[in-house]
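Colleague: With the sequences and hints as input, model every part of the structure.
2 protein chains.
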Amino acid sequence: MKPVKVGICGLGTVGGGTFNVLERNASEIARRAGRPIIVEQIATRRDNPSCDTHQVACTQDIFEVVNNPEIDIVVELIGGYDTAYELVMQAIRQGKHVVTANKALIAVYGNEIFKAAEEAGVIVAFEAAVAGGIPIIKSIREGLTANQINWVAGIINGTGNYILTNMRDHKRDFTEVLAEAQALGYAEADPTFDVEGIDAAHKLTILASIAFGIPLQFDKAYTEGIARLLPMDIEQADVLGYVIKHLGITKRTEQGLELRVHPTLIPKERLLANVHGVKNAVMVYGDAVGPTLYYGAGAGAEPTASAVVADIIDVAREMATDQNNRVPYLAFSEVAQAKDMPVLPMEAIETAYYLRLHAVDRPGVLARVATILSDQGISIEALIQKEATEGELVPIILMTHKTREASMNEAIRQLEALVDVAGDVVRIRVENLDEQ
Amino acid sequence: MKPVKVGICGLGTVGGGTFNVLERNASEIARRAGRPIIVEQIATRRDNPSCDTHQVACTQDIFEVVNNPEIDIVVELIGGYDTAYELVMQAIRQGKHVVTANKALIAVYGNEIFKAAEEAGVIVAFEAAVAGGIPIIKSIREGLTANQINWVAGIINGTGNYILTNMRDHKRDFTEVLAEAQALGYAEADPTFDVEGIDAAHKLTILASIAFGIPLQFDKAYTEGIARLLPMDIEQADVLGYVIKHLGITKRTEQGLELRVHPTLIPKERLLANVHGVKNAVMVYGDAVGPTLYYGAGAGAEPTASAVVADIIDVAREMATDQNNRVPYLAFSEVAQAKDMPVLPMEAIETAYYLRLHAVDRPGVLARVATILSDQGISIEALIQKEATEGELVPIILMTHKTREASMNEAIRQLEALVDVAGDVVRIRVENLDEQ
Numbered sequence: 001m002k003p004v005k006v007g008i009c010g011l012g013t014v015g016g017g018t019f020n021v022l023e024r025n026a027s028e029i030a031r032r033a034g035r036p037i038i039v040e041q042i043a044t045r046r047d048n049p050s051c052d053t054h055q056v057a058c059t060q061d062i063f064e065v066v067n068n069p070e071i072d073i074v075v076e077l078i079g080g081y082d083t084a085y086e087l088v089m090q091a092i093r094q095g096k097h098v099v100t101a102n103k104a105l106i107a108v109y110g111n112e113i114f115k116a117a118e119e120a121g122v123i124v125a126f127e128a129a130v131a132g133g134i135p136i137i138k139s140i141r142e143g144l145t146a147n148q149i150n151w152v153a154g155i156i157n158g159t160g161n162y163i164l165t166n167m168r169d170h171k172r173d174f175t176e177v178l179a180e181a182q183a184l185g186y187a188e189a190d191p192t193f194d195v196e197g198i199d200a201a202h203k204l205t206i207l208a209s210i211a212f213g214i215p216l217q218f219d220k221a222y223t224e225g226i227a228r229l230l231p232m233d234i235e236q237a238d239v240l241g242y243v244i245k246h247l248g249i250t251k252r253t254e255q256g257l258e259l260r261v262h263p264t265l266i267p268k269e270r271l272l273a274n275v276h277g278v279k280n281a282v283m284v285y286g287d288a289v290g291p292t293l294y295y296g297a298g299a300g301a302e303p304t305a306s307a308v309v310a311d312i313i314d315v316a317r318e319m320a321t322d323q324n325n326r327v328p329y330l331a332f333s334e335v336a337q338a339k340d341m342p343v344l345p346m347e348a349i350e351t352a353y354y355l356r357l358h359a360v361d362r363p364g365v366l367a368r369v370a371t372i373l374s375d376q377g378i379s380i381e382a383l384i385q386k387e388a389t390e391g392e393l394v395p396i397i398l399m400t401h402k403t404r405e406a407s408m409n410e411a412i413r414q415l416e417a418l419v420d421v422a423g424d425v426v427r428i429r430v431e432n433l434d435e436q
Numbered sequence: 001m002k003p004v005k006v007g008i009c010g011l012g013t014v015g016g017g018t019f020n021v022l023e024r025n026a027s028e029i030a031r032r033a034g035r036p037i038i039v040e041q042i043a044t045r046r047d048n049p050s051c052d053t054h055q056v057a058c059t060q061d062i063f064e065v066v067n068n069p070e071i072d073i074v075v076e077l078i079g080g081y082d083t084a085y086e087l088v089m090q091a092i093r094q095g096k097h098v099v100t101a102n103k104a105l106i107a108v109y110g111n112e113i114f115k116a117a118e119e120a121g122v123i124v125a126f127e128a129a130v131a132g133g134i135p136i137i138k139s140i141r142e143g144l145t146a147n148q149i150n151w152v153a154g155i156i157n158g159t160g161n162y163i164l165t166n167m168r169d170h171k172r173d174f175t176e177v178l179a180e181a182q183a184l185g186y187a188e189a190d191p192t193f194d195v196e197g198i199d200a201a202h203k204l205t206i207l208a209s210i211a212f213g214i215p216l217q218f219d220k221a222y223t224e225g226i227a228r229l230l231p232m233d234i235e236q237a238d239v240l241g242y243v244i245k246h247l248g249i250t251k252r253t254e255q256g257l258e259l260r261v262h263p264t265l266i267p268k269e270r271l272l273a274n275v276h277g278v279k280n281a282v283m284v285y286g287d288a289v290g291p292t293l294y295y296g297a298g299a300g301a302e303p304t305a306s307a308v309v310a311d312i313i314d315v316a317r318e319m320a321t322d323q324n325n326r327v328p329y330l331a332f333s334e335v336a337q338a339k340d341m342p343v344l345p346m347e348a349i350e351t352a353y354y355l356r357l358h359a360v361d362r363p364g365v366l367a368r369v370a371t372i373l374s375d376q377g378i379s380i381e382a383l384i385q386k387e388a389t390e391g392e393l394v395p396i397i398l399m400t401h402k403t404r405e406a407s408m409n410e411a412i413r414q415l416e417a418l419v420d421v422a423g424d425v426v427r428i429r430v431e432n433l434d435e436q
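Top line first, the protein sequences correspond to chains A and B.
Each residue of the first sequence is one higher than the last, beginning at 1 in this note's numbering.
Each residue of the second sequence is one higher than the last, beginning at 1 in this note's numbering.
In case anyone wonders, no lab produced these hints; they're calculated from the structure.
Some hints could be false.
Intra- or inter-copy, both count: the list cannot distinguish identical chains.
Said to hold, decoys possible - Below are the DSS-like pairs computed for lysine-lysine, each with C-alpha atoms no more than 25 Å apart in a straight line: (1) Lys115 / Lys2; (2) Lys268 / Lys339; (3) Lys220 / Lys115; (4) Lys402 / Lys5; (5) Lys171 / Lys268.
Modeller: Okay, structure coming up:
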């Protein structure tokens with residue numbers, strides 16, 4: 001069959017990986033795709049020393065790729081919002097199919113991009129945008145189509161998981177481990193996107209849309225980072241039988257949809273609790289299939305390239321297909337209106353909690369703490385009170401049963417107002433991941 | 001769009017689950033598939049009390065479904081070889097697309113079936129044949145298309161994993177746990193297919209074909225069951241840092257392809273080692289993506305139905321597609337000849353080993369054992385000699401480094417010939433699952 005010609009925009013880590021995988025595995029890829037996939041042009045501002053591109057036409061202008069009449073598929077790997085947005089929209093207007101690894105772009109501008117793509121009759125594929133090389137988009141969008149998805153929970157930021165794994169294994173502070181991760185290249189110089197959960201929220205937004213058939217709503221996602229976690233919390237969680245992971249969670253409830261990224265205690269014996277280092281894993285609960293899990297490398301040159309190239313092959317196969325027979329961008333042929341399934345405010349979610357507070361070692365403190373919780377209808381599942389050293393504050397660790405976040409907020413407000421309690425009450429949410 | 005009409009043949013566990021999922025999730029499924037999926041006819045010899053089929057035409061004759069001109073997709077869920085084979089081949093000849101969950105049928109007659117399907121221009125889909133609800137066929141065949149797959153290793157028989165999990169957790173004998181599994185419905189009255197590894201070999205045969213692009217070669221698979229495992233081996237493995245799992249392993253080597261099912265020691269910290277009970281999980285190593293893992297329910301009515309229905313939706317989308325643009329049955333448009341990538345005989349594989357032997361407690365025994373191993377070029381990684389009770393045989397546990405199975409066979413022959421060694425030498429293969 002006729003070769004399919006791609007133009008790669010951006011030859012950084014992922015672009016370089018994509019080029020190398022397409023070259024190295026060209027013959028197996030052609031056998032799988034039923035036709036050769038050829039890199040027709042590369043747009044890059046600088047050389048990537050890991051790539052031997054001398055047989056390919058190179059340009060410094062990404063828009064040359066978009067306007068190249070030979071090219072069937074534009075592969076956007078420049079990242080960021082502005083230029084990437086321009087590039088993708090122009091490609092669509094030129095009738096090119098698009099493959100992108102850009103989670104920020106899809107999470108924020110996806111609705112608009114898919115609308116334009118639908119009108120132009122082109123495919124926009126974005127497997128690499130979530131969890132790197134793990135085929136999680138395909139698994140949910142095509143593999144679990146029989147299911148009503150109840151929830152999705154995942155470790156979808158490798159940097160954060162690397163930091164948490166190291167804090168736990170070596171009982172070290174966040175800042176220390178972060179500095180090391182930066183030195184090793186696992187964390188960016190500005191680590192905000194990763195450690196504050198923004199990157200995870202981009203990915204979670206995409207997962208929620210394909211799981212539930214709703215528009216992308218990144219602005220509704222709740223994000224809480226890992227910078228405030230102490231080794232002490234990780235240790236106490238361990239004593240209680242839990243591991244702390246930075247999870248993205250999206251759940252369908254009768255009231256609406258939960259969409260949240262935050263540190264979470266999960267039982268040690270869960271597979272997710274045993275996903276270490278920079279690895280990613282996503283759990284998906286479907287009403288027919290039950291719990292399933294997908295694990296692998298969430299970042300890196302060739303793992304991400306694996307997903308980009310899989311998309312290229314899918315597009316190569318589907319581009320001749322009538323639009324109605326293609327897999328819809330967000331999994332559903334009619335995306336539900338946001339009002340049909342509103343994203344719940346954080347106050348409306350229900351979960352169990354881990355609390356840590358520091359109190360003066362005085363008779364009656366525990367009783368006052370217990371009364372405040374009980375007044376809010378919050379029941380205590382476990383309590384650990386550390387032994388006091390003369391004159392020192394005693395740390396009190398509490399695990400509660402499930403309660404509404406609004407009640408917990410009120411309880412925490414009252415706890416922090418107690419004269420016996422010093423400083424902030426630390427609150428970490430708990431998920432057992434065993435619900436339907 | 002026009003509804004797609006399916007005929008379900010067999011209304012047992014999986015057939016009933018498929019019917020119920022299609023009914024219960026009809027509206028979400030229609031939104032995903034872009035058209036309604038309608039059960040037009042059911043062929044079954046007896047009612048399934050979990051299904052309300054009174055609005056569907058039912059027949060006792062499966063061939064009526066095949067000949068029904070209204071039906072687009074024949075769903076074969078009767079199992080077994082003979083009638084299922086007839087049914088599928090007739091459906092193909094009638095120009096119907098086929099969805100099946102029948103691993104035995106595909107592993108044994110797949111080459112023939114796919115050839116006939118290709119000539120007739122119809123799709124034969126079989127996601128449910130491997131690992132139940134886990135979309136592992138799709139993940140390898142479409143999600144990892146960029147990769148040269150190096151190896152696949154999986155827990156692909158839930159019954160076996162249930163038995164091993166229970167033997168380990170409760171230090172119980174195989175026969176005892178098997179009887180319990182039979183009482184609970186986790187094991188068949190005749191458990192041969194499950195505990196002897198035949199079922200796993202069927203699934204592994206299919207995985208190997210889609211991973212490496214070779215014809216199905218079930219007759220070349222090596223199978224060894226779990227019936228001879230003792231709680232003692234599970235315990236000693238634990239002491240050495242391993243868990244014993246019944247794995248299907250297929251690996252590409254320079255000499256050819258490994259295709260084997262046997263009990264295997266794997267390091268405790270691997271995710272696969274933490275897959276318990278009836279659950280399945282498959283690890284796939286791709287040269288670009290590295291290690292990935294897929295976990296979920298490997299059997300049961302609705303988990304299997306989840307895969308069957310996903311296939312139905314895929315077929316509904318692809319049936320209008322030109323054959324060249326469909327995903328090839330066995331992942332590759334040209335399947336390599338068996339001679340290009342021969343399946344290796346077991347003697348040619350290389351792996352590490354766990355050995356248990358029982359010896360008379362006499363000076364020099366260990367030296368004789370060590371000499372035999374060393375003469376075969378086998379080096380010892382660990383050795384545990386249990387304390388002897390007066391006059392009793394001493395169990396000796398050995399872990400070796402990697403060696404060729406042929407050398408190990410010869411060493412075992414010589415060990416068993418030693419007058420100091422009583423009975424058979426137990427040999428369990430070891431895989432670290434950390435290789436590229």
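Colleague: Between copies, within a copy, both or neither: which fits lysine 220 and lysine 115 at Cα up to 25 Å?
Modeller: Within. Shortest intra-copy distance 20 Å satisfies the 25 Å Cα cut-off; inter-copy 51 Å does not.
Colleague: Please sort lysine 268 with lysine 339 into within, between, both or neither, judging by C-alpha distance up to 25 Å.
Modeller: Neither way: lysine 268 and lysine 339 sit 37 Å apart in one copy and 47 Å across, limit 25 Å.
Colleague: Should lysine 115 paired with lysine 2 be assigned to within, between, both, or neither, using CA atoms and 25 Å as the limit?
Modeller: between (29 Å within a copy, 24 Å between copies)
Colleague: Check lysine 402 against lysine 5 for me: Cα-Cα at most 25 Å, and say if that holds within a copy, between copies, both or neither.
Modeller: The answer is neither: 54 Å in one copy and 45 Å across copies each exceed 25 Å.
Colleague: For the identical chains here, do lysine 171 and lysine 268 meet the 25 Å Cα criterion within one copy, between copies, both, or neither?
Modeller: both (17 Å within a copy, 22 Å between copies)
Violation of the numbered hints given earlier is confined to hints 2 and 4; the remaining hints are satisfied by the structure.
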